[in-house]
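Given the structure of chain A, go ahead and fit chain B onto it with the hints provided.
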Amino acid sequence: MTKENNHIYETKYATFCEPPNEMALKSGEKLGPITLAYETYGELNKDRSNAVMIYHALTGDAHVAGYHQGDKKPGWWDIMVGPGKAFDTNKYFIICSNVLGGCKGTTGPSSINPETGKPYGLSFPFVTIEDMVAAQKLLMDHLGIKKLLCGAGGSMGGMQALRWSLDYPDHIHSVISIATNTRHSAQQIAFHEVARQAIMADPDWQNGEYYGKSVPARGLAISRMIGHITFMSEKSMEEKFGRKLVGKNRLGYDFSGDFEVENYLKYRGDSFVHRFDANSYLYLSKALDYFDIAEDGKLTDAFKKARSSFLIISFSSDWLYPSHQSKELVRALKANDIDVSDIEISNSYGHDAFLVEVEGLSDIITHFLKKSQKSMSHE
Amino acid sequence: MNEHNEESRFDHQVIVDLIETGAKVLDLGCGDGALLSLLIEKKKCHGTGIEIDEKEIYRCLARGLTVSHCDIDTGLADFSNKRFDYVILNESLQQVMNPRRVILESLRVGRKVIVGIPNFCHSRARIQIFFHGRVPVTKELPHQWYDTPNLRFLSLKDFRSFCKENRITILKEVGIAKNKKVSLRPNLFSTMGIYLLEK
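Residue numbers (the numbering used here), protein chains in the order written: chain A, 154 to 532; chain B, 2 to 200.
This is chain A alone, in the form it adopts within the complex (with noise of 0.2 angstroms):
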């Protein structure tokens, strides 16, 4: 199942939206020109009707499997993208584009703003979910690809595939959604808020001005490891670290660090600093916040429009997105007469399993992928 996938890849960019033509956005601001930074693996077939559109989550990028040119490691979700693998690179052309407001090479907060010359900064306008598929329909456009075969993604990525099947229903046949829900709950917008207010509060952040300057380290750090914390069960974090020490073997009665939990989480928050933008974070995690499919209404109204077939997949270990969000998806699908497939998965890896190797996730969805091919073969 695993070839390794020795192709190099490069991020592609391509510019939509140039004034007077600019994207009106959910929130009534407009915004352009917006560039999109995409990456494509494998081969669009003759009837162009394999195309696989992934979506990534708060802090991925476009480049989701094998190489760039000098990398040691390979695209977020290598484990699952490339030759034999579920989305198999061999059968379908993958597409996946950093999102609107991200810091991968798509239009966001960090980018130059044409009419000052300067970083947008907070003069960046809020962008929702619908508005990152709304630019992600452009680029399916610039590719001459009128129907996805499907579109995929886990956590704030699936948010966008439900989008996309209520946004443009006629445009995409099939839908993967991973660990996601159709609203942002309080808990989830109560650590997002701690993980904002982390950033704001450190004294680099400026207003969020500090390009070119310092950055707020510290509070991206912060905010990324309560994001880590919210990513994991309790189960694999005590599999994972225990009461392990780190460096010593006795307690330490400082505030250096004892635990090999808190080193880790001191990893990540300053590894992330050096791959993310802060400002991009604080309008990423809005986003989320923002999205509610059934807004004021009900849900089983809102999945009225859609037309796809759907596979829901979540995780019993993941208190973030917790499989009775899930479950509450399903039922709005199956009132509306949908054809929708479902699974809870058992395993302790919380949140991130999906972007761990589980057991069977590849398997269902190789499965559904070739159900999908075959039911958009006989349309």
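Treat the hints as calculated values from the structure; they're not laboratory data.
Wrong hints could be hidden among the right ones.
[Stated by the list, open to error] Partner residues are not named here, just some residues of chain A that face chain B (Cβ under 7 angstroms, in silico):
no.	residue
1	PRO172
2	LYS225
3	ARG484
4	LYS487
5	ASP492
6	SER494
7	ASP495
8	GLU497
9	GLY513
10	ILE517
11	HIS520
From the three backbone atoms N, C-alpha and C, an ideal C-beta is built for every residue, glycine too.
Relative to chain A, chain B alone:
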């Protein structure tokens, strides 16, 4: 579809014969999806399954089936009225917490309901109770009292009177024993009964 190349069970064949081509079917407690696959293959049915066992869900998905990971007792509430032509409860009714509610709910979401039940009063079971003074353990009822998944113990006769009390019409009853239909005294000689119901 026939990748698994399995010999289909006799009760499955009986159920397949009850269903017309192209019907929309919901299989409650669909297990590994063998019956649903057979219905899709033989009768071009549009099938959906409900199953509580995670391992069976993988098998169903591997067969390319649509399946939902939930329990029968709660899983039915999501579907709209008469959404399916047939709702199947084969060898699963005796394991649900609230069989009456499940049958009535099945009759709400399906035009017709097919129920397959093991007969706990079949002749060999009766002999064991009468002559040996033991709760029956037979080929068809292989479990001991302490490890049985069955919550309900009933006979074909019990099921008929249940239907009468709940004003459910039995359109057809098929008694089965040793891969054959039983026409003589089915409550005594069948190990299993399959019912086609309507309300």
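Right, here's what the structure says about each hint:
The closest approach between the C-beta of PRO172 of chain A and any C-beta of chain B is roughly 47 angstroms, which is over the 7 angstroms cut-off, so the hint fails. The interface hint given for LYS225 of chain A is violated, since its Cβ lies 34 angstroms from the closest Cβ of chain B, which is over the 7 angstroms cut-off. Among the interface hints, the one on ARG484 of chain A holds; its C-beta lies about 4 angstroms from the nearest C-beta in chain B, closer than the 7 angstroms criterion. Evaluation of the LYS487 of chain A hint against chain B yields a held restraint, the C-beta minimum of about 4 angstroms falling below 7 angstroms.
A cut of 7 angstroms between beta carbons decides the hint on ASP492 of chain A: the least distance to chain B is about 5 angstroms, and the hint holds. The interface hint given for SER494 of chain A holds, since its Cβ lies 5 angstroms from the closest Cβ of chain B, which is under the 7 angstroms cut-off. Using the Cβ-Cβ criterion of 7 angstroms, the hint placing ASP495 of chain A at the interface with chain B is satisfied: the shortest such distance is roughly 5 angstroms. Taking 7 angstroms as the C-beta cut-off, the interface hint given for GLU497 of chain A holds, the closest approach to chain B being about 5 angstroms.
Satisfaction of the interface hint for GLY513 of chain A is found here, the shortest Cβ-Cβ separation to chain B being roughly 5 angstroms, below the 7 angstroms cut-off. With its C-beta approaching chain B no nearer than about 5 angstroms, ILE517 of chain A sits inside the 7 angstroms limit, and its interface hint holds. Annotation: HIS520 of chain A was flagged as interfacial toward chain B, and the flag holds, the nearest CB pair being 5 angstroms apart, inside 7 angstroms.
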